[in-house]
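Visitor: Letter by letter, the chains look like this.
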Amino acid sequence: MQFMLLFSRQGKLRLQKWYVPLSDKEKKKITRELVQTVLARKPKMCSFLEWRDLKIVYKRYASLYFCCAIEDQDNELITLEIIHRYVELLDKYFGSVCELDIIFNFEKAYFILDEFLLGGEAQETSKKNVLKAIEQADLLQEVRRLCFLKAFRGQKHFAEQYS
Amino acid sequence: MALKIVKGSIDRMFDKNLQDLVRGIRNHKDDEAKYISTCIDEIKQELKQDNIAVKANAVCKLTYLQMLGYDVSWAAFNIVEVMSSSKFTYKRIGYLAASQCFHEGTDVIMLTTNQIRKDLSSPNQYDTGVALTGLSCFVTPDLARDLANDIMTLMSHTKPYIRKKAVLIMYKVFLKYPESLRPAFPRLKEKLEDPDPGVQSAAVNVICELARRNPKNYLSLAPLFFKLMTSSTNNWVLIKIIKLFGALTPLEPRLGKKLIEPLTNLIHSTSAMSLLYECVNTVIAVLISLSSGMPNHSASIQLCVQKLRILIEDSDQNLKYLGLLAMSKILKTHPKSVQSHKDLILQCLDDKDESIRLRALDLLYGMVSKKNLMEIVKKLMLHVDKAEGTTYRDELLTKIIDICSQSNFQYITNFEWYISILVELTRLEGTRHGHLIASQMLDVAIRVKAIRGFAVAQMATLLDNAHLLTGNTQRNGICEVLYAAAWICGEFSEHLEDPMQTLEAMLRPKVATLPGHIQAVYVQNAAKLFATVLRKHDGETESQAAQETSQLLIDRLPLFVQSANLEVQERASCILQLVKYIQKLQQKNVEVAEEVTALFAGELNPVAPKAQKKVPIPEGLDLDAWINEPPSESESEDEKPKAVFAKEEPKHSRSRHTEVDEKELARRREVRKQEQANNPFYIKASPSSQKVYDAPGVEHIPVVQIDLSVPLKVPGMPMSDQYLKLEVERRQKEKAERKKKEKKKKREKRGKERKADSGPESEEDITPAHQVDIVTEEMPENALPSDDDDKDPNDPHKALDIDLDKYVPYCRHLQFIHVLHIIKPTVYWFPFQKSSKHKKKKQKKEKEEKEKKKKKRHHHHHQHHSDAGGEDSVQNGTVEEEEPLPVSQSHSVSLKQEVKVYDIQGNHQDESKVVVSVIFENKSDSFLKSMEFNVLDSLNSKLQRPEGAGAHDSLTVPFQLPPGVSNEARFVFSVQSIIMPQKLKGTLTFIVKSDESSTHEKLDFKLHFTCTSYLITTPCYSDAYAKLLESGDLKGSSLRLEGINMPFHHLLARICFHHHFSVVERIDSCASMYSRSIQGHHVCLLVKTSDQTVSIDAKCDEPSLLGNVLDEIKQTFSKC
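Heads up: the sequence lines are chains P and H, in that order.
Under our numbering, the residues of the first sequence are numbered 283 to 445, in order.
Under our numbering, the residues of the second sequence are numbered 230 to 1349, in order.
A hint or two may mislead.
Pairs of lysine-lysine, BS3-like flavour, derived with a Cα cap of 30 angstroms [as the list claims (entries may be wrong)]:
#, chain 1, residue 1, chain 2, residue 2
1, P, Lys307, H, Lys273
2, H, Lys388, P, Lys409
3, H, Lys405, P, Lys309
4, P, Lys374, H, Lys245
5, H, Lys405, H, Lys1256
6, H, Lys273, H, Lys405
7, H, Lys273, H, Lys565
8, H, Lys388, P, Lys390
9, P, Lys307, H, Lys405
10, H, Lys581, P, Lys341
11, H, Lys316, P, Lys414
12, H, Lys842, P, Lys414
13, H, Lys1256, H, Lys842
14, H, Lys258, P, Lys299
Derived contacts from chain P toward chain H, CB cut-off under 8 angstroms, selection only [said to hold, decoys possible]:
#, residue
15, Pro303
16, Ile312
17, Pro325
18, Lys326
19, Met327
20, Leu331
21, Trp333
22, Asn357
23, Ile360
24, Glu363
25, His366
26, Ile385
27, Glu389
28, Gly401
29, Gln423
FYI, nobody ran anything at the bench for these hints, they're computed from the structure.
For every residue, glycine included, the Cβ atom is placed at its ideal position computed from N, Cα and C.
All chains should be built: construct the whole structure from the sequences, respecting the hints.
Guide: Have a look at this one:
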C-alpha cells in the first residue's frame, strides 16, 4: 500500500498516512486530486478506480471516506478488507466510532493504524492482538496527569456554561 | 517542590490542548486562517518553555495542523526533543509527529540516530515498537545503514510483537540500503518458519514484496512456499504466497504445472472472495506463461471463466468490476472461452456504474466476430442514444469505431452498413471525435472500391444537410465529417447522381462559417465537381448546363476569395480565374472538359506504412557520396556512425505528376498481371474461398476481387438497423444454398476444391455481403517482396490481416517518391526478401528439370487440368522465434531433384527454444492432404512433440493445401548447444489427391541451423562495447576477405542483414559491430577496409561459435 487517506464528505482531510517518501507539495496535490475524484463518484459505483499507475480502493463509512492507493498487482479485495478491519478496530476502541472521535482523538486513530499496518503492510491480522497492544501502551501513559487535567477541564466547562 | 509542580500544572491549564484547538478551529469557520495563525504563535511560545509536557502538547497540535496543510517544518527540532523524552506518553507523540512530518530532506533526522538506537534497545517493548513504527515512515539511507544491524538483532527478539515489526521494517531498510539484504536474508528466511503466525506472515510479506521485483533470486524458496501454501489457513498469508508464485512461474514453467492443481482446489473450496480472486488471477497468469507448447489447460480456464461469471453476476459492484477486469486478461490468450459469455458482458453495458460499463466495452472489443459484429454495434448504438454525459458517449463512439475498424476491417462483412453507422454517428451532439469519423469515412471510401458509389451518395446527402451539423456552433467538433464528405464527393464524383446539386450545396454562403481547413477542401472539391459536370455535358454544343455551372462558380467563389484563411483564399482565387477562363472558352464553343478533367486525373491509392522503407536503392546511387564536399572538418566529426543506416535523402518537393495517360496505365496494369501470373510468390485467390487475400505485392498492387453469387442491392438510404435484418436473411439464404451445393457435389463428386471449406458453418463461412475489393496499400515499384508472412489461406482473417494498422498519407503516383527517398538498409522484418532473388533463379532452373519429371508422374492430372502447368511442390521454410526481432538468412537445400528453399528467420527469446516456421506451398495442380512433418532429432536439437508422443513420431501439419496455395506451420525445436551449425534431416509425407486417384508421396529435406541463426541483432552502446572488450573475457580470431568490390556501407549492411549484427560505431572505413547469441554470448567485430581487402577482427567468449560465424560471413561474401 502506498498511502491511506481519510476524508469527510465535505472533502476535509481527517487522517493521512504515507508509506512512500513524497514531498509535502506532492502529498497535497495528490490529496486534493483524489478527494475530488472520489467525491465525484456516484454512490452506487464500485470501489475501485485506476488513477495514474495506481489503483485506488475506497469505501465510505457514514460520513467518512477511507481511501487507499495500491499497486497494480495488489489485491483490491484484500485492501477493502484492510479498510474494513481498520474501521472495526476504531469501532471497538472508541465504542461505535463516529467522525468526531477521529477528529478529537486523531493521535489515537494513528496509534491504532500503526499497530495494524506497518510500512504499508498488514502486521497483525488478529483484532484482539492489536487492541491489546494499544491498551497496554495507553496504560503506560501518565495516569496522574490525565486525571488532573480531566478534573480541571470539567470545571472549566462548567464555568463556561454558567458564565 | 510540590508547589512548583502545582504551579506548572496551573500554567498548563491555560494552554490549549489538542481538543481545544480542534474545537477552536470548528468555531472559527469564517476566519480559520487567522485563528490558526494566532494558535501557531501560541505554539511557538509553548515550544520555548522547558517543560516537556508543554512541548509535547504543542507538538501534538502541530501534527494536527500539519494534516490541515500548514507548514510545520520549522518545528522539526522540537519534535526531536519530544521524541527523546524518557516518558512513553511524550515519546509516542514525538514519534507520531516525526512520522507525519519528516521526510528525506529533513536535516534534523541525522540527529535522531542515537536516540532511535537507544529506543530500539529499550527494555520496554512499547518504546521499541513506537520507534520501529516511526522509523518505517521516515527511514533515510543513512538511518538504514546505521540501524540495519540493530533491527536485524531485533528480528530475533524474544517478544513476537517486536520480531514482527522488525521483520516488516526490514523491507524499508532493504529499499534504502540494499547492501543489508545479503546479511539479513538468512535470518529473514528463518522467520518464514517462526512459531508465531504474525511473524511468519510478516516474513512472507517481505519476501513476497522482494520477489515481486526480482523473482529470479527467490526461485530457490519455491518449495518452502509451496509447503506453506498447502499448510497455511491464513488467507492473508495465502494471498501473498499465491501472488509470489504468480511472479515466479514465468521463470520456471514447471512450477506453473505443479501449481495448477492446488490453486484449482483453493478456487473450489474457498469462500473468501479476495482469495478466490487472487487464485483466479494467478491461474490466468500461469496459463499465459505456459501457453506456448504446453498441453492445454482448458479445464482450468473453464473453471476460471466460470468463477468469474459468478463474480460478474453478483450484485456487488466491486465483484462485477473485478470479474470483468480478470476476464479481459483471459481474453488475450483464450478469446474463445470468453466469447461464450457475450450475453453477460452485453448485460453489463446496461449497468448503472460507468466504470463497469467501460470495462465491459473493453471486453467487447476483443469479442467481436463476423457473426456478431452488427449485433454488438447495434447494441452500442442504442447506448449511444441513451448515454448521459459526453465523456461516456465519446468513449462509446471511439469504441464502436475501434471495434469495426480493428485488424483492417476484418469483421465487417457489409460496408454499406458501416457507412450508415458512421453517418448515424454524425448526429451525435457535442462529440469531440468528428475527425475520427471523418478519417474512417475517407479510409473506407478509398480502400473499398465497391462501396464508393454508396458512400458518395451518403456523403452528398450529408453535404446537403450540412446545416444540421453546423447549426449550433457548440457542436463544431462534428463538422469535421464535412471535410471527409466534401473530399469523397469531389474525388469520386463520377459516382454522383446529381453533381450539380452537390456542387450547389458546397458553395452555399453558410459554408463560409466553417473552419478554414474544411472550406479549403470545399473549394478544391468544388473544382473537381465542376470538372465532372463539364465532362457529363461533353459533346453537347452550347451546353446550357455546363455554362450555368461556370456561372454558379463565378457567382459564389468570390465569397471564398475574401476569406481570412490564406489557404481558402488562395485556392478560391486560383479556381475562380480558371473558371472565368473556361467560361470564355465555352462561349467560343471550345471543348474544355478533357483538359479540365486532366487536372484531377490519376488514381489515389493508400500507401502501406512500410512502403517507403521498401523502395530499393537504384543502381549506381551511392548514398554516402557527398553531394557537396563538407565545408569544414568539424562538421563531419559530428556525424555519428549510427547514421549509416538512417541516412535518408532530403525530401524533394516535386510537383504532382499528372499526365500519366490512360494507355500507359493500362499497359502497366497488363504488365503487372503478367508478372502476377508468373510470380510463384503471388498467392492467387484460390477458388475454394470467397475471401480477400492480400498477396505480397512484388511489383504491383494486388487488387483481389471476391466473387460472390448474391449481390445485395439496398435501395435508397437504408439505416444500419435494416442491414442487420438483411444480413441475417442473407446468411440463412446462403447457408441453404451452400447445403444445396454440397448435396449436389456429393452426388456428382465434382468440384473437389470446394472440399476445403465444406465443414460445418463457422464464422469463416460468412461471406461479405457485396462485392468488395479491399484495395491494398500501394507498394513501391520494384519493392522487395512483402514482409507479410504467408498465412493460412483457409483462414480469411489472417489473409486480410495485412499489417496496415496505421496508414500513411495517401498519395498519387508513388513511384516518383521512390527514386528520391531511399530506404534504410537495416534489417527489418522481410522474411522473403533476402532469398527471393537468388532463390528464384535457382528455383527456376531446377524447377524446369523437375517439371519434366513431375509431368510424367502427374500425367493423368493433365487430362482434366490441361491449362495448368505441373509444378513440383516447393517449400519455403522459415526459422523464427517469438519476438519480432528479425534476422534472416537463406539456405537452399537440394535433395533428390526436389527444391526446398528455407528462409531462416531467427528470433530467439527462450535460451533453448527455436520456433521454425515452415511455409508449404503447393505448386502442383493436385490437392495435397494428410501432410506429416518429421525431423530426425539429433542429440543437440530436438523437435518438440506433444506430450505422450514418441521421439520419432511425426507431427501432423494442421491444414491441407489446394493447388497453388501456400500455408505456414510452426514447429518448436529445443536446441542445447549453439556453438556449432546443425543440419537436421527431415521428411514430409503427404497424399496427392487428384480426381481419380490419390498417391502417397514423400519429400526429404534438410533444415540447416547456422550459427548465425542463433544470433540476435542487439543494439549496443559504444561505452558498453568498450567495457566489454576491455574485460578480457573474449577470445579473438580474424578473417581476411580479398577482392570485395562494394561500398563499405553495403558491406556493413550485408553483415548486419545476413548475420544479425548491429553497428556500434563507424569511423571512415572502419566499423565496430556487435551481436549476441540466444544464450548470451557476445560477439564483437572490428571491420576495416582498404582497397578491395576487408579485414575482420572478431572477439567472442565462445571461440568455436566465433569460428563458425566467421566462416559463415566468409561464405556470404564468397557468393557475391
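Visitor: Does each hint hold? Answer for all of them.
Guide: Hints, verified against the model:
no.	hint	result
1	P/Lys307 <-> H/Lys273	holds (23 angstroms)
2	H/Lys388 <-> P/Lys409	holds (18 angstroms)
3	H/Lys405 <-> P/Lys309	holds (20 angstroms)
4	P/Lys374 <-> H/Lys245	holds (28 angstroms)
5	H/Lys405 <-> H/Lys1256	holds (29 angstroms)
6	H/Lys273 <-> H/Lys405	violated (34 angstroms)
7	H/Lys273 <-> H/Lys565	violated (69 angstroms)
8	H/Lys388 <-> P/Lys390	holds (24 angstroms)
9	P/Lys307 <-> H/Lys405	holds (22 angstroms)
10	H/Lys581 <-> P/Lys341	holds (18 angstroms)
11	H/Lys316 <-> P/Lys414	holds (20 angstroms)
12	H/Lys842 <-> P/Lys414	violated (72 angstroms)
13	H/Lys1256 <-> H/Lys842	violated (34 angstroms)
14	H/Lys258 <-> P/Lys299	holds (26 angstroms)
15	Pro303	holds (5 angstroms)
16	Ile312	violated (12 angstroms)
17	Pro325	violated (10 angstroms)
18	Lys326	holds (6 angstroms)
19	Met327	holds (5 angstroms)
20	Leu331	holds (6 angstroms)
21	Trp333	violated (12 angstroms)
22	Asn357	holds (5 angstroms)
23	Ile360	holds (4 angstroms)
24	Glu363	holds (6 angstroms)
25	His366	violated (11 angstroms)
26	Ile385	holds (6 angstroms)
27	Glu389	holds (6 angstroms)
28	Gly401	holds (4 angstroms)
29	Gln423	holds (4 angstroms)
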